[in-house]
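J.: Chain by chain, the residues run as shown.
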Amino acid sequence: MSVETTHSRYSSNRSAAATASAGTRRVGAAQAPDVATVRLPQRIFSVFLLVLLGYVALAGRLAYLQVVQHAQYRAVAEDLRERTRLIPARRGVLLDRSGALLVRNEQAASIVLDPNQWYVTTVKGAKTAPLLDTPEMRREAALKGLAEHLPGVDMAALARKLGGKTATGKLRTIDVRRVVDQATADRIAAANLPGVGVLPTTRRVAMNGGLAAHLIGYTDIDGKGLEGLERELETTLRGKPGLLEAEFDGGRRPIPGTIRREVPEQPGRDVLLTLDATLQHDVQTALRKAYVESRADAATAIVLDPKTGDILALANYPTFDVNKRNEFPASFRANRAVTSPYEPGSTLKVVTVAAALEEGKVTPSSMFFCGGSQKIGRRSIRCAHGAKHGSENLTDVIRDSCNIASAGMGRLLGKETLWEYERRFGFGERTECGLPGESRGLLAKPERWSDMQLANVAFGQGISVTPLQLAAAYAVVANDGVYLRPRIVWGTRNADGSDLRPSQPSEARRVVSPEVARQMRQMLQTVVDSGTGKAAAPDGYTAGGKTGTAQVAENGSYRSGKYVASFIGMAPARDPRFVILVSVTAPKGSYYGGTVAGPVFREIVEKALIARRTPHDRPSSSGSGKAKTRKPGKLKPDWDA
Amino acid sequence: MTRTSEEQPLAPDWWLFIITLLLLGGGVVMVFNASYALAAEVKYTGGDPAYFVKRQALWAVIGLIGMFAAMRISYWKLAKLAVPLLLVTIALLAGVLVMGHGAQGAQRWIGYGPIKIQPSEFAKLAVVIYLARVLSARPLLVQNLWRGVVPLLGVVILFVILPVELQPDLGTAVTLLLTVLLVFYAAGAKARWMIGFLTVFALAGVGLALRHGTDGYRWKRMTTFVNPAADYNGAGYQITHSRIALGTGGLLGVGFGQSREKLKGNLPAQRTDFIFAIVGEEMGLVGTCGVLFMFSLLAARGFYVARRTRNAFGALLATGITGMISVQALINIGVVTASLPATGVPLPFLSYGGSSLVPTLVAIGILLNISRNPSYEETVARGHRRNTRRLLRTRKPSRLPAASAAYGGEDIARSASSGRRRDSQPS
Numbered sequence: 158m159s160v161e162t163t164h165s166r167y168s169s170n171r172s173a174a175a176t177a178s179a180g181t182r183r184v185g186a187a188q189a190p191d192v193a194t195v196r197l198p199q200r201i202f203s204v205f206l207l208v209l210l211g212y213v214a215l216a217g218r219l220a221y222l223q224v225v226q227h228a229q230y231r232a233v234a235e236d237l238r239e240r241t242r243l244i245p246a247r248r249g250v251l252l253d254r255s256g257a258l259l260v261r262n263e264q265a266a267s268i269v270l271d272p273n274q275w276y277v278t279t280v281k282g283a284k285t286a287p288l289l290d291t292p293e294m295r296r297e298a299a300l301k302g303l304a305e306h307l308p309g310v311d312m313a314a315l316a317r318k319l320g321g322k323t324a325t326g327k328l329r330t331i332d333v334r335r336v337v338d339q340a341t342a343d344r345i346a347a348a349n350l351p352g353v354g355v356l357p358t359t360r361r362v363a364m365n366g367g368l369a370a371h372l373i374g375y376t377d378i379d380g381k382g383l384e385g386l387e388r389e390l391e392t393t394l395r396g397k398p399g400l401l402e403a404e405f406d407g408g409r410r411p412i413p414g415t416i417r418r419e420v421p422e423q424p425g426r427d428v429l430l431t432l433d434a435t436l437q438h439d440v441q442t443a444l445r446k447a448y449v450e451s452r453a454d455a456a457t458a459i460v461l462d463p464k465t466g467d468i469l470a471l472a473n474y475p476t477f478d479v480n481k482r483n484e485f486p487a488s489f490r491a492n493r494a495v496t497s498p499y500e501p502g503s504t505l506k507v508v509t510v511a512a513a514l515e516e517g518k519v520t521p522s523s524m525f526f527c528g529g530s531q532k533i534g535r536r537s538i539r540c541a542h543g544a545k546h547g548s549e550n551l552t553d554v555i556r557d558s559c560n561i562a563s564a565g566m567g568r569l570l571g572k573e574t575l576w577e578y579e580r581r582f583g584f585g586e587r588t589e590c591g592l593p594g595e596s597r598g599l600l601a602k603p604e605r606w607s608d609m610q611l612a613n614v615a616f617g618q619g620i621s622v623t624p625l626q627l628a629a630a631y632a633v634v635a636n637d638g639v640y641l642r643p644r645i646v647w648g649t650r651n652a653d654g655s656d657l658r659p660s661q662p663s664e665a666r667r668v669v670s671p672e673v674a675r676q677m678r679q680m681l682q683t684v685v686d687s688g689t690g691k692a693a694a695p696d697g698y699t700a701g702g703k704t705g706t707a708q709v710a711e712n713g714s715y716r717s718g719k720y721v722a723s724f725i726g727m728a729p730a731r732d733p734r735f736v737i738l739v740s741v742t743a744p745k746g747s748y749y750g751g752t753v754a755g756p757v758f759r760e761i762v763e764k765a766l767i768a769r770r771t772p773h774d775r776p777s778s779s780g781s782g783k784a785k786t787r788k789p790g791k792l793k794p795d796w797d798a
Numbered sequence: 004m005t006r007t008s009e010e011q012p013l014a015p016d017w018w019l020f021i022i023t024l025l026l027l028g029g030g031v032v033m034v035f036n037a038s039y040a041l042a043a044e045v046k047y048t049g050g051d052p053a054y055f056v057k058r059q060a061l062w063a064v065i066g067l068i069g070m071f072a073a074m075r076i077s078y079w080k081l082a083k084l085a086v087p088l089l090l091v092t093i094a095l096l097a098g099v100l101v102m103g104h105g106a107q108g109a110q111r112w113i114g115y116g117p118i119k120i121q122p123s124e125f126a127k128l129a130v131v132i133y134l135a136r137v138l139s140a141r142p143l144l145v146q147n148l149w150r151g152v153v154p155l156l157g158v159v160i161l162f163v164i165l166p167v168e169l170q171p172d173l174g175t176a177v178t179l180l181l182t183v184l185l186v187f188y189a190a191g192a193k194a195r196w197m198i199g200f201l202t203v204f205a206l207a208g209v210g211l212a213l214r215h216g217t218d219g220y221r222w223k224r225m226t227t228f229v230n231p232a233a234d235y236n237g238a239g240y241q242i243t244h245s246r247i248a249l250g251t252g253g254l255l256g257v258g259f260g261q262s263r264e265k266l267k268g269n270l271p272a273q274r275t276d277f278i279f280a281i282v283g284e285e286m287g288l289v290g291t292c293g294v295l296f297m298f299s300l301l302a303a304r305g306f307y308v309a310r311r312t313r314n315a316f317g318a319l320l321a322t323g324i325t326g327m328i329s330v331q332a333l334i335n336i337g338v339v340t341a342s343l344p345a346t347g348v349p350l351p352f353l354s355y356g357g358s359s360l361v362p363t364l365v366a367i368g369i370l371l372n373i374s375r376n377p378s379y380e381e382t383v384a385r386g387h388r389r390n391t392r393r394l395l396r397t398r399k400p401s402r403l404p405a406a407s408a409a410y411g412g413e414d415i416a417r418s419a420s421s422g423r424r425r426d427s428q429p430s
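These protein sequence lines map, in sequence, to chains A and B.
All residue numbers for the first sequence refer to our numbering, where the first residue is 158 and numbers rise by one.
All residue numbers for the second sequence refer to our numbering, where the first residue is 4 and numbers rise by one.
Just chain B, same shape as in the assembly (with noise of 0.2 Å):
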């Protein structure tokens, strides 16, 4: 029973629609109840404790209405974006690097006046699309180490995960590279390879630490983890914070509203990056597992619909969208619990800040669509439009076994980086 585009799209996935709408109304409340004691205090806000929910609220609306139309637009039409903005946002990452405005230290922000925004949450999603977009089409490049998968990876950390680690935004660098490999492993790549990649990329990652030894800021952030005291007034003052919250919140927590931590002076991430600890700390184990379970929900739907959808491109953007939100939603919650070194990723839906909250609301609005059109027939959506031309143009059922089921007795390595030719070739 298959469908094709032409055809009408089924209701969204409610599951994955309601699961979205608790975490972010769950969200803009713990917004309101871990800011207002800050917020009534600190000068740029004036004094007023809606400060910060009052912006969260605005860009949950924002998000919301990027949702509701990303779900209505056919997301094969992304195939073709691909591409184009890929190379977008390169330039916007560069232009960042160049002029970027810094926040704390780091070059994030791109922007006019009020209007700013941070590319790098939006490379997240443009880099899935992207390597959707290809792995689906060429198939077979994910089975090859050296001609396939290197090379696309290659470009993606070139290109994407160098300047975003540049800027410095090592957070959103870990989220996009760990995403990556989840898709590139979903789309049929050897785990071993993965694995390998991982420990490349963390031997790296310990070598550059300590490029300026054990006293570095880099090397502090990475270990303090481990005991937090030792760097108190630094790396270590977040960690420490964070574990008094969620170790002062026991199994009920200290009660909705009672947290400490979150008043000035104690947490200072509280409504950001670290709104899990306070979660913690007021509604004890009960909470932060139930904020576990939500998304694990939210990713057992998630890649439900992806596992459904019989189109390789929206399989792997669904898997990739679903994927990218768990990363960050575990590396948050890793770094909260003083299980991962620190870095700065925000959770998902709960931390304050529409430069992240808007472009994951997009990503679920794209997942809904796909969740539409689990059948959908991927004769459009393959892109590779003298490929298309020909299978259209053809129409020959005889033809569409090897085409379809087999890559055929040829030489991969051949296939992958000739294929043009070799598809030019008339059969």
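With the rest of the complex left out, here is chain A (with noise of 0.2 Å):
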């Protein structure tokens, strides 16, 4: 008979019995000795001694972790809880003079993927479409829905970047596109793309991508200024961007509590031109009109107003759209206006001419004699085209554009003279007018000049000037005598139109007397009256200005059928208002200055005139002027064209 119990003490009946019996446990044992005899309360001991030991275990890891690890853990927690963050400013914009907006930002936004998204369970019950159920379904659905939105983008390097880790393993998360449109944008977003992140942001848009585009110039894809003004400016227009210190949680948000810092973000500033935006079309319109007609390599006006130096207009052709800049090659989106020095020519006679009356060498009556040309040292000197002006005074050399009599005053007013006057003129130094890139132009010191060369500066050549620096001379004349700097900005603002602070007035430099300014101006109108100049004659107003058909100077030798066709004017004559240069370079056909760039000068002081309500000064061929044969409309700018 057999009960079946190891465990003595457990198996008990109502005796004492049961407790002896432990001491008799080995009787069986002796029948069976195979077999151990174990008491269970040991075995329970045990039991618990290797459950503590496991708590121990776990205790020691924790140390581990928590203690020695704790700064490591730390620092990656910090890493993934992005201390700083920035918050954009507002960029400023820029205006015209009269406060129409030139270049804007637009609301628009950047693609972003982050593939952790794809591995993120749904929350329970919220099953998405079964396509989307494994991270890689999820992965071919986001990039056939990116490519399929956003054609342009190369999904293989796209799916290359993919891989990226941080230290904790985490993927990175990559920029699809920086900027897209917020119609692109839209549609992405209503595409509920997995991982794919629409995140606002704006994008620089000039109003009209064709108006003044080497002015204004272009940022990067960040807004940060790269040519042109948005360059220029890009301290006053960027503001200060805002600064968040907190920990952000995993949805990107700071965690309430724990912002340490939170510096405001600083709009930039509004920056109004001195520029005319209808003025400017008008003149980007005749200026185009007369490069593609003359087949010219490139072209350039500018429009200043002589009272103020404000450049109220300025084109270059070839030109290029702000907002489309990648589709023209780097060359288009120079501003040769500042940036390429050329040899003037005639134009620059007018310097000469100035500085012997104001130095009392000539008066309006001093007469000269031309033959056609003039030995100096073992070269000689000659007027264009062989002419021989034989007797002239003064109002002829300047009508006529006559090499030897300027060549004459240069020599009366000697080397030193004669720069010192082309540096009060504005030459061979920057106008700082705030334009980027700005040459200053190549003007030798007297010094190093030859007697050939003081002859040549006196009628426009050894020496190259930027447009810009000649029409700023020009304005001199019309300024009654007074250089000014030209200037583009005309004051700042804060975004919300408060706090107007207009630029600081450019230092006033007398460089001749109000007196040689007039006689100067008379001359310039025989020019335009009966001279080279006839074309530029605008209807209803008298005007004054040089031609200039200068060579083309490459590699230390004039090129020849290759020159720079100009004409510099002011109108009204007796007052003017404005201050117009023109050029063309490399016409093909006709390469004169008075009859390639004055119908351009002619076409635009008439635009200009009107527009400022200028009275006539003298009669009109059709009655009243053309101002009434014009629709009202046109003078609006036509920001299409």
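Calculated cross-link-like contacts (lysine-lysine; reagent style DSSO-like; alpha-carbon spacing at most 30 Å):
no., chain 1, residue 1, chain 2, residue 2
1, A, Lys301, A, Lys481
2, A, Lys446, A, Lys745
3, B, Lys267, A, Lys301
4, A, Lys318, B, Lys223
5, B, Lys223, A, Lys327
6, B, Lys267, A, Lys318
7, B, Lys83, B, Lys193
8, B, Lys223, A, Lys301
9, B, Lys267, A, Lys327
Rather than coming from a laboratory, the hints here were simulated on the basis of the structure.
These two chains come separately, so use the hints to put the complex back together.
T.: So, in structure tokens, the structure goes:
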């Protein structure tokens, strides 16, 4: 008879024998010595020790994780929680002198892809489309959707970038496209692609990409100015980004109570330009016509207000569209009006004559003789086209653009004095008008001038100037002998229009007396009335100006057949309100300044004068002037042009 | 000084009761602490920060009711219910496999409408009761490997652990397996057999995990705790964030309520399986070791109750219950500290979820009842009816030494396999 139990102590019956039986266990053991008898309490204690051992081991593990590796994990956590975030500031906009918007910030979006999202298990029961069950499917759906909505994106390159990991193994979020327009962003957001984020941003858009492109310039994708005024005015426009120093949760929002420092962003200031958008448009229209018709290499036009130095309009051809700049060759983006000096030729004779008058070396009634050529040293100078002007007065010299007489006046002045006047008219130094990339031109020191160079400089060779320098020099004549720096920035103001601060007026510098300036204007008027500049004469207004037909110097010698045809004038002649420079580089066919650039001047100046409601100062050929024949609407800027 | 079943039971073990209440109270507080930020944000809570803690408190109340009820039911009555309970559990597990509702791909629930139960949680208790019953009634079984331990283990594995594993609920399956081995060992099985089984199962697990190669889901889960960064978006995600939470906690923690990892988008199971990481982040090593100390106390008290119980069924049941809770805590904390491969095991008392909390509290109730009856005689509880009847009938003290102390000179194998026949023979 046997009862099945090992545990003597437990298999008790109500008898002391049960306890006694513990001692007799070995009786059974003797009969089956291969089986050990085990005491349950001992085993239970062993189990307890085993469990306790586990807890002690875990405590050791915890001590290692929480004390030894504490610093390491805190660093990882801080890295994950991104302590500082920049809040972008609104970039200031550009406006013309009457407040018309030239460049604005358009609401746009950037598209990012967070591959980690593919692996996030959706909330219980909320299963999305069955096609998105696995990370692979989500990945495929995201890439396919992006390829569909953003045709330009290089999907292969994108897929390569997707593998990047941080130290914790988290996959890096990648930029799919930094800036897309709002419509595309809305479509992508509506498509609800897994892991694809649409973040708000802005992009810089010119109201009319073709208008004053060289002036405005453009920014990079982050809104940092790269060219033109966007670059030059960067510090004003940029503003100051705000700062948020806090811990951020998984959803990238600051955790309440962790914000350490919060600096609000300072929006950039708006900039009002001296530019007149309407006039700029007219200038571009007129210049483009000449540029296209003469099949020129390049063309430039500048309109200055001589009383203030304001650049009212400035255009170059070839030009580009700010909003589609990548579609144009890089060379089209050069602002030739300030970056490309050239030999001005005859137009510079004005400086020589004004200097001679101011210095009392000549009077308006002085007489000169031109024999067609003159020997200086071993070489000789000539008047253009073999002309012999013979006996001539000062007005004739300007009107007929006599090289021999100009060289003679240069000799009368001497190297030092002529150089001094060139400098005072603004040559050989930057105008500091506020446009980037300005050249100072080339004006050698007088000590290094040969006699030949003295003669050359006197009629505009052996010196190079930028179109803007030249226009500013003519503005001296127009402004009664006072030089003003040209300027492009009229003033700045806050984004809300407050705190308007006009820019500092430039220092006025007297160059010649008002009387000399007046005499010069009279002489320049004869050029338009009866000289080489007849084609530039505006209808109903007097105007003065000077033509120039300069050979293009390349590699130290003049290239035959390549000229810069230019005309610089002012109107009305008595009290000029505008100084306008037009230069056309390498026109095909006629290359005279009067015939190529003159008509452009005329077209621009007529529109400018009428737009400013300037009264006629001489009879108009069509009764009360062309103003009446124009449709009033055309005075408004034609943004679509 | 033995007492009979007719005598008045003692007061329950106060230590056990207080430790349980402390863990439970701390757990409810921690569930609120870990979940309010998330609850305020996700849609299905309706923005109620107390969404989770309300439910957890409700479960705690239900669990406490279950605990008090279990505390009042004489535990030896469970011996009679052992086999039916197991059969019901097996049926429920089969039901889950056939028609269970999926939660995150796993088939663990069964039920209708708001009433859902997770049979695998009850399976743990049912298996412990069943083993305590069988091993106390037939103590010789654990002495024999091939005729005792292997068949019994085979039944448990085949009908309970395997269905649980197939749900798939690897965590509960592993908890079950380790608890079963602990109970076997406590009942007298040889330690080297248990180690052998452990090795075999570990190898089988590795083999199964490698079925789909080293790229398979199971293998990644199994190995990722070594280098979670390698699979950050997969199995490594929770481990990475859990280690960050524990690591940032340091010695004293970042302060109660100041956890960052509990916020949405960081540690996703912050209120359930990984609540221990939040404890570690907020209260540092002091907090985590405090929790470990509480679980150690619970184990100490539970095994103490087991040890002093003079009834094999009660002792094995108490061992099984304490072992079950301890194994679960060990696995959970092992996973959270990246010491073990990731398995989804909730931390008893602390993790959010009623399906874990209620059975745990009921188990504690049973344990408390055992503590009330340390000296209960197993005349009834032995449950081997004919044998019992015979013992009651004869009442001859002279027979008892042989009956209680020795298992006689018979071949043990025979005794185990043909005990019934032998019992029926008149002696």
